[in-house]
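Protein sequences, first through last, are from chains A and B. Positions 139 to 498 (our numbering) are the ones given, in order, by the first sequence. Positions 139 to 498 (our numbering) are the ones given, in order, by the second sequence.
Read the hints as simulated data drawn from the structure, not as lab findings. Fair warning: there could be bad hints in the mix.
Simulated pairs of lysine-lysine, PhoX-like, Cα-Cα distance not exceeding 25 Å [claimed, not checked]:
1) B:Lys474 with A:Lys435
2) A:Lys283 with A:Lys467
3) A:Lys197 with B:Lys392
4) B:Lys197 with A:Lys392
5) A:Lys208 with B:Lys171
Protein chains: 2
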Amino acid sequence: MKRRNFIKAAASSGIIATTSLAPASASVGEKAKKIKWKMVTSWPKNFPGLGTGANNLAKLITEMSGGRLKVKVYSANELVPAFETFDAVSRGTAQMAHGASYYWKGKSQAAQFFAAVPFGLTAQEMNGWLYTGGGMELWKETYKKFGIIPAAAGNTGVQMAGWFNKEIKSVDDLKGLKMRIPGLGGEVLKRAGGTPVSLPGHEIFTSLKTGVIDATEWVGPYNDLAFGLHKAAKFYYYPGWHEPGTTLEALINKKALESLPDDLQSIVLNACKIVNQQMTAEYTTRNHQALDTLVNKHKVKVLKLPDEVLKTLQKLSDEVVSKIAAEDKMSEKVFKSFTAYRDQVRQWTAISEMAYLNNR
Amino acid sequence: MKRRNFIKAAASSGIIATTSLAPASASVGEKAKKIKWKMVTSWPKNFPGLGTGANNLAKLITEMSGGRLKVKVYSANELVPAFETFDAVSRGTAQMAHGASYYWKGKSQAAQFFAAVPFGLTAQEMNGWLYTGGGMELWKETYKKFGIIPAAAGNTGVQMAGWFNKEIKSVDDLKGLKMRIPGLGGEVLKRAGGTPVSLPGHEIFTSLKTGVIDATEWVGPYNDLAFGLHKAAKFYYYPGWHEPGTTLEALINKKALESLPDDLQSIVLNACKIVNQQMTAEYTTRNHQALDTLVNKHKVKVLKLPDEVLKTLQKLSDEVVSKIAAEDKMSEKVFKSFTAYRDQVRQWTAISEMAYLNNR
Numbered sequence: 139m140k141r142r143n144f145i146k147a148a149a150s151s152g153i154i155a156t157t158s159l160a161p162a163s164a165s166v167g168e169k170a171k172k173i174k175w176k177m178v179t180s181w182p183k184n185f186p187g188l189g190t191g192a193n194n195l196a197k198l199i200t201e202m203s204g205g206r207l208k209v210k211v212y213s214a215n216e217l218v219p220a221f222e223t224f225d226a227v228s229r230g231t232a233q234m235a236h237g238a239s240y241y242w243k244g245k246s247q248a249a250q251f252f253a254a255v256p257f258g259l260t261a262q263e264m265n266g267w268l269y270t271g272g273g274m275e276l277w278k279e280t281y282k283k284f285g286i287i288p289a290a291a292g293n294t295g296v297q298m299a300g301w302f303n304k305e306i307k308s309v310d311d312l313k314g315l316k317m318r319i320p321g322l323g324g325e326v327l328k329r330a331g332g333t334p335v336s337l338p339g340h341e342i343f344t345s346l347k348t349g350v351i352d353a354t355e356w357v358g359p360y361n362d363l364a365f366g367l368h369k370a371a372k373f374y375y376y377p378g379w380h381e382p383g384t385t386l387e388a389l390i391n392k393k394a395l396e397s398l399p400d401d402l403q404s405i406v407l408n409a410c411k412i413v414n415q416q417m418t419a420e421y422t423t424r425n426h427q428a429l430d431t432l433v434n435k436h437k438v439k440v441l442k443l444p445d446e447v448l449k450t451l452q453k454l455s456d457e458v459v460s461k462i463a464a465e466d467k468m469s470e471k472v473f474k475s476f477t478a479y480r481d482q483v484r485q486w487t488a489i490s491e492m493a494y495l496n497n498r
Numbered sequence: 139m140k141r142r143n144f145i146k147a148a149a150s151s152g153i154i155a156t157t158s159l160a161p162a163s164a165s166v167g168e169k170a171k172k173i174k175w176k177m178v179t180s181w182p183k184n185f186p187g188l189g190t191g192a193n194n195l196a197k198l199i200t201e202m203s204g205g206r207l208k209v210k211v212y213s214a215n216e217l218v219p220a221f222e223t224f225d226a227v228s229r230g231t232a233q234m235a236h237g238a239s240y241y242w243k244g245k246s247q248a249a250q251f252f253a254a255v256p257f258g259l260t261a262q263e264m265n266g267w268l269y270t271g272g273g274m275e276l277w278k279e280t281y282k283k284f285g286i287i288p289a290a291a292g293n294t295g296v297q298m299a300g301w302f303n304k305e306i307k308s309v310d311d312l313k314g315l316k317m318r319i320p321g322l323g324g325e326v327l328k329r330a331g332g333t334p335v336s337l338p339g340h341e342i343f344t345s346l347k348t349g350v351i352d353a354t355e356w357v358g359p360y361n362d363l364a365f366g367l368h369k370a371a372k373f374y375y376y377p378g379w380h381e382p383g384t385t386l387e388a389l390i391n392k393k394a395l396e397s398l399p400d401d402l403q404s405i406v407l408n409a410c411k412i413v414n415q416q417m418t419a420e421y422t423t424r425n426h427q428a429l430d431t432l433v434n435k436h437k438v439k440v441l442k443l444p445d446e447v448l449k450t451l452q453k454l455s456d457e458v459v460s461k462i463a464a465e466d467k468m469s470e471k472v473f474k475s476f477t478a479y480r481d482q483v484r485q486w487t488a489i490s491e492m493a494y495l496n497n498r
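Produce the complete structure using the sequences and hints provided.
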């Protein structure tokens, strides 16, 4: 929907109330007054992990503020469509949104670095870059012109490479492969000769089952099991390569945030950090439980992509990611920071997490 | 110092003010009234990473509460000695403490599982167990009889195996090795024929330099570089095995917490979660910077413990950890939960973090 049509539709439908919009300026400095915020999301209602992460975020803000700031969550299409949340926060229709930054590459190519980069950073490394490596400052700079303040608000950890109906034995098997894989991962598959397809979540199962697509990525065991993907595909491959530590994001209308007293501003931004950690913990636990069910109950075969295929994907990923840097000044700046951090942190990770896991 | 002597000394010295002790009952429910809390710690003043983590925690609580709850941090020995903080919070001399749970094995053997276990959980897995795998509930149960509520409040990630003046080429080289290594790691070294030594931080450098000890573990590149350990030892070994994701803890006096209004209770507990994540981010970034300095500027040799040695250490670790379970009912319960989680989550980690890192 175009923005003008959207506003017209909203106005005529009356869905968007004209009260309690950002900034809640009447409440500035008046601690006793209750403030109401709307959080629009890109998720189906109560979607496990991602949607429930948004619910947790709203609950935390309401709870830590003692109800002085109440946040109500709207699932995709309740107030605005899944991919209209950025605009909604930018113009103040909603004070907050929960989604992922790679949805906004149309706004700024640089945005993609703050969600997931093929062969990029793990969840722990991503938090290192964002919180103590300069990433967060660049993210804020990227969204500044839209009047939006971003915050990391969830991380799924390593996502799986996906479900396949055809075994991938060599790079040749990627040629002509019709796979549901969005974003940068899709670009990489295209360069490898495959056909990336964009499909909303609810169409994936049937498309895979009926052979409209040969493969799909989704998230990991926890979400994949809930979706029943094991009933649609022959093989389950690992390891993931295209989303090694996907960061979810909260978008906050700058004026709305700045109209709050200092303590509530701190609560909003810090609640995002709590959800960021909590989501990784939840995925870690739920993924291992779901993997157990998939393998032992549903007899799912977990295979490995051949080294040669992974090497090719890595080479193509580097090409795709480098191309973003050439798009504009901001993208170049973010690319440089991200890759410099990755190239250095991998040396520490190699003798800490990686060495430990290989020896455990 | 014995507890009675401590109280006498404190009373005569007047160090411990009798005002604003826990519970801050005069302030219950009165939101306008400022509440003051003391946080005693086991760290030297502003100690990088761990001590600054405690400072961050106090700052966050003060900030999110809009100054309604002000927390003042005391370094080790300012109010109470480093290892008297548990008792101080238990009796309400201080409302909070920051330290690590393996210091309290004298109170409960089970406490050791909530800090670091040799060949145990990584930071990400530890958060999974604590927040969504039942660990936090068991931690609370362990401290219940002391009137203390615990919270995870920092994680260093994988710690290094340490600094050595003698190269370890086989298990035989561990025999007679005098190494500064506390806790469970020390127990394991003892079973391998070594001599674990307990030394406070400030004595390590000279002891290693003068040959009083042959080796020492400390934390990782960030803290090790600051301590100058590269000037005292010949070799730096990896990977770490004895503390794969050390969790720091906040201790909160139960009565003091419960005397706060609901929003402040939520702020205190959630501030701990923020610091928990922030510390890992900080260590991830600072460790990789410090490693670069150690290797490229100070020409430190990073070696690898032989597989045979690591296998022996793992076998001995399992024996030492299993022994804790036999100590009492609570320890057995925690041991069972911890090992069940570890045995399952490692399967997920193997096809996510570990597989990804090995292919990146």
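Against the structure, the hints come out as follows:
no., hint, verdict
1, B:Lys474 with A:Lys435, "24 Å, holds"
2, A:Lys283 with A:Lys467, "14 Å, holds"
3, A:Lys197 with B:Lys392, "24 Å, holds"
4, B:Lys197 with A:Lys392, "24 Å, holds"
5, A:Lys208 with B:Lys171, "23 Å, holds"
When held up to the earlier numbered hints, the structure conflicts with none and fits them all.
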